[in-house]
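There are 2 protein chains.
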Amino acid sequence: MTLAEIRSAHETTLAEAMQANADRTFYAHWPEAPSGKIYGETANDDGLAGFQKQLNHQFDRLPAESAWTGEEVSPYGFPLGITYPSIAVEDLIARGSAAQTAWQSLTPADRASILVEALERGAKDFFEIGYATQHTTGQGFVMAFQASGPHAYDRALEAVAMGLSAQQHFAMNVMWTKPMGKISVSIDKSFRVVPKGLNLVIGCSTFPIWNTTPGMFAGLVTGNAVIVKPHPGAIYPIAIVVARVRDVLTELGLDPNVIQLAVDTVDAPITLDLVRHPALRIIDYTGGPHFGAIVEREAAEHGKIVFTEKAGVNCVVLDSTDDLDRAMDNLAFSLTLYSGQMCTAPQNIFIARDGMKVGNDVVSVDAVVDKLREKIDALVFNEKAGPTTLGAVQNAATAKRVDEAHGLGFGVVRQSAPVLQPGFEAARSLSPIVLRTDTSKVDIYTKEWFGPISFVITTDSFEQSLDEVTSSIRKHGALSALVYCTDDARMQQAEDAIVHAGAPVSFNFNSYVWVNQSAAFSDFHGAGCNPAGNATFADWSFVTKRYNVVGVRKQA
Amino acid sequence: MTLAEIRSAHETTLAEAMQANADRTFYAHWPEAPSGKIYGETANDDGLAGFQKQLNHQFDRLPAESAWTGEEVSPYGFPLGITYPSIAVEDLIARGSAAQTAWQSLTPADRASILVEALERGAKDFFEIGYATQHTTGQGFVMAFQASGPHAYDRALEAVAMGLSAQQHFAMNVMWTKPMGKISVSIDKSFRVVPKGLNLVIGCSTFPIWNTTPGMFAGLVTGNAVIVKPHPGAIYPIAIVVARVRDVLTELGLDPNVIQLAVDTVDAPITLDLVRHPALRIIDYTGGPHFGAIVEREAAEHGKIVFTEKAGVNCVVLDSTDDLDRAMDNLAFSLTLYSGQMCTAPQNIFIARDGMKVGNDVVSVDAVVDKLREKIDALVFNEKAGPTTLGAVQNAATAKRVDEAHGLGFGVVRQSAPVLQPGFEAARSLSPIVLRTDTSKVDIYTKEWFGPISFVITTDSFEQSLDEVTSSIRKHGALSALVYCTDDARMQQAEDAIVHAGAPVSFNFNSYVWVNQSAAFSDFHGAGCNPAGNATFADWSFVTKRYNVVGVRKQA
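Residue numbers (my numbering), protein chains in the order written: chain A, 1 to 556; chain B, 1 to 556.
No lab work stands behind these hints: they were computed from the structure.
Hints are supplied without guarantee of correctness; some may be wrong.
The list makes no distinction among identical chains, and a pair is therefore deemed to hold if it is satisfied within one copy or across any two copies.
[Said to hold, decoys possible] No farther apart than 25 Å at their CA atoms in a straight line, the calculated lysine-lysine pairs in the BS3-like style are these:
id, residue 1, residue 2
1, Lys37, Lys178
2, Lys371, Lys554
3, Lys384, Lys182
4, Lys53, Lys447
5, Lys178, Lys447
Note that the coordinates shown come from a computational prediction; the quantities given were computed from them, not determined experimentally.
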């Protein structure tokens with residue numbers, strides 16, 4: 001396999017992906033169905049066998065080191081027993097720095113082609129990745145397959161394509177000839193992409209691939225050497241991705257340390273040592289807001305580039321609908337999916353005390369709330385769909401938070417209860433709790449209640465609901481907002497207010513798209529302009545802040 | 001004049017400018033010659049008359065305020081006596097915030113067209129701008145005309161075009177249809193540009209328009225309301241530009257406070273009050289490194305976007321040349337032009353103690369240095385070209401610095417002396433001082449010696465010269481670097497080293513292009529990756545960091 005072969009193999013893919021980024025219509029390079037017809041009849045069995053073989057073994061797809069580390073435990077109730085080669089911070093930095101020089105001297109198109117080759121090969125891992133993700137994050141298998149496989153790989157391709165578009169926009173070599181009356185003067189100019197420096201990508205425990213590939217591939221395509229530092233509770237999925245990229249680099253005779261995996265434990269974390277290292281110039285962070293704020297502060301103090309996707313408090317406004325059943329079906333699914341452990345899941349549902357207009361009728365708050373409970377119950381108690389939609393709870397702290405919510409003494413719309421995950425008796429799985437309150441409790445419900453916890457909050461009016469939402473976005477951030485409203489003027493009012501506050505907004509979702517979802521090549525994930533984070537997958541800034549263009553001029 | 005007329009009038013200009021940004025070949029929308037044939041036979045007389053009429057009067061092209069402020073003094077030796085309407089910080093913020101809402105709701109193409117209309121009308125002011133710039137900065141008239149007129153307006157157009165390219169890259173409205181087996185689901189999506197917030201542009205005293213228009217127009221085209229805060233010593237030139245943009249906005253029925261002029265005095269500065277105001281989200285700064293570092297720190301602490309172009313220490317390496325006369329002619333001009341008061345002017349000239357290879361001969365350091373002095377003398381003592389090339393010294397501190405340099409006790413290659421500016425007996429004008437030392441004085445010559453001060457530094461070798469340069473770039477920053485070298489291997493070595501260190505590099509300039517120059521639409525000004533500043537006129541980041549794209553999704 002030569003670089004020329006790789007270039008020509010992926011030229012069309014890259015051209016399509018660049019076009020898709022511009023068009024924002026539906027585009028997916030990897031099909032999302034975990035189907036044998038697409039990925040091969042034995043793909044599921046092979047992936048499961050690979051997963052089972054990996055359990056209780058060293059992860060030897062990465063080169064051996066003198067120390068091995070690993071402490072992952074499945075939220076479905078068993079330790080994974082996998083250890084990973086552990087590299088000291090100074091060694092990670094030295095190896096990354098050494099590898100970067102050759103990597104940055106490749107053309108952007110070559111870097112992009114190599115990365116697509118790695119992604120294409122990685123698609124063969126989707127089923128193992130699905131099981132690895134299920135048993136680190138707690139996601140149900142189908143969601144784990146989709147989120148960490150095709151959807152995450154599409155986000156990676158999106159970032160590669162954006163990075164390539166940006167770098168290719170300017171001519172790389174030109175003869176500049178200035179007419180000066182009877183004479184002219186010529187200068188031979190070239191423009192070189194200079195990466196900012198080592199790029200650290202800090203992962204989270206709930207979306208170990210989807211939240212990591214955008215920064216990882218954006219850093220790589222723009223010439224930076226990247227160090228991926230996953231959450232100690234969810235290393236396995238991204239380790240597979242890192243190993244695949246390294247394999248391709250090695251085959252091409254390039255230094256594989258362009259991409260490295262940095263592992264640590266909860267008790268001996270190394271993230272801040274990496275963040276603070278002077279050679280480290282770019283930081284991608286997805287995860288909780290507390291540690292995110294520390295990372296942002298460290299980066300700001302030392303002039304580093306930082307991309308964050310922390311968390312916010314996502315709001316819903318219930319004003320009016322043509323079909324309450326479909327609306328509540330949709331909302332119930334959003335509250336239930338992966339037990340509310342998505343950064344885009346709704347938390348606070350505002351409704352005017354007069355209730356909701358449904359067609360020409362007015363439905364009382366009590367009746368709307370009953371309908372919501374009924375729809376959640378129908379999903380949770382569905383023997384087939386319930387457990388797999390909910391999945392398991394990644395972190396014990398999230399389960400404790402459900403108890404804490406119950407202890408608030410608010411009205412209970414729906415009580416949480418343990419859910420049996422067939423085949424995994426010890427799984428930590430809980431159904432959603434929905435509480436009811438009013439705006440007097442604003443200090444409580446505007447905290448982030450991460451997990452299967454939501455609040456229905458009655459307000460005086462649609463206007464007050466909207467004010468609550470925009471004020472919450474500005475103060476606490478948000479990654480999504482959902483409005484049910486059939487009145488054109490109110491829709492426009494809500495759109496303007498929420499967009500100006502800095503959050504993306506969805507209206508009247510009532511079928512097979514949910515507010516939690518964010519589609520690669522179309523939806524910008526993380527608006528970047530509210531306290532929930534400063535980054536967007538994948539807009540111009542997400543790639544262009546990672547490098548500079550430096551000019552070389554020669555007298556011609 | 002309607003918006004539709006403006007759109008169609010400037011469509012071609014914008015398309016050409018966007019293409020020029022991508023091509024990087026020679027492009028100029030406004031001719032640089034201060035010629036009556038181009039700008040009208042009476043243009044010079046009209047401009048001079050306008051200038052003279054403005055002296056000792058209120059600047060009434062901006063709306064009256066209760067207070068008027070102004071203390072500008074021409075470096076050619078007389079007070080301008082102009083006062084400007086003075087607006088309190090809170091009023092600037094309130095007016096800008098109120099104006100921004102309508103401005104951001106225009107399409108990017110409409111904003112760009114309006115800005116081009118303002119620039120085209122402003123071109124009628126070039127001669128007055130030339131005199132205004134001459135008598136605030138000290139530049140000779142021709143340079144003042146070019147730098148503040150056509151060159152600055154081209155930089156403005158470049159920024160507008162980059163901003164438009166970036167915003168137009170993504171579709172603004174699409175129907176997203178996802179196939180799901182036998183059914184499909186459609187979502188109507190739109191993507192809205194949300195400006196980060198008020199944009200402050202802090203100007204400097206030496207390039208009051210050229211250094212201000214890029215940030216000003218980048219902020220405006222991306223939907224931000226902009227407050228321009230010029231240096232109290234150089235308000236007049238940019239006031240003309242601001243007034244023209246306001247006129248166009250007013251004619252179109254838009255709130256002119258989208259662009260405001262904030263004036264202050266040296267004794268009662270308001271810049272930090274603006275920088276610290278929470279509504280102020282973007283800051284453009286060009287000027288000295290000390291205050292620039294304060295601005296950067298304030299911005300970092302409060303999560304604001306900041307673009308800086310401070311100053312660095314620009315280096316030259318003399319290794320080899322085919323034609324010493326032409327090389328030294330070129331270098332002498334770069335050292336003399338505007339008395340070294342350009343952020344791109346060379347300061348430290350490194351030469352190996354064995355001398356310089358010229359063709360097949362070796363010329364000693366003494367002889368090279370003699371040649372350089374001879375070339376500076378020829379230019380300075382040229383009765384016609386000397387005074388206008390040198391211009392006057394903007395700040396008394398710069399003249400004092402020349403004395404300080406003399407007092408270092410270094411070898412004197414060329415002594416500075418007062419220069420008579422015909423017609424302006426009281427002008428503060430000085431010829432260049434060139435000193436000679438070696439690398440033992442590194443702590444002295446790596447300071448920024450702003451003004452007509454340079455050092456010839458002997459080293460052990462070409463390699464040591466290059467090490468000195470790259471170390472200086474990394475520690476002290478640079479906006480330019482110049483190398484004379486005819487050996488291919490050494491050229492490549494120098495290119496790689498200097499580019500990796502983060503500075504643009506020029507080789508073997510020997511005709512009518514000088515290292516100080518930075519051409520709009522071709523040269524990226526300010527690499528953005530060394531301590532001299534973080535911004536580049538005008539790369540992607542220079543525009544894309546000023547706004548976010550926020551999505552709106554509606555069930556279709």
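Hint check:
no.	hint	result
1	Lys37 to Lys178	between (60 Å within a copy, 20 Å between copies)
2	Lys371 to Lys554	between (73 Å within a copy, 23 Å between copies)
3	Lys384 to Lys182	between (83 Å within a copy, 22 Å between copies)
4	Lys53 to Lys447	neither (42 Å within a copy, 62 Å between copies)
5	Lys178 to Lys447	neither (61 Å within a copy, 35 Å between copies)
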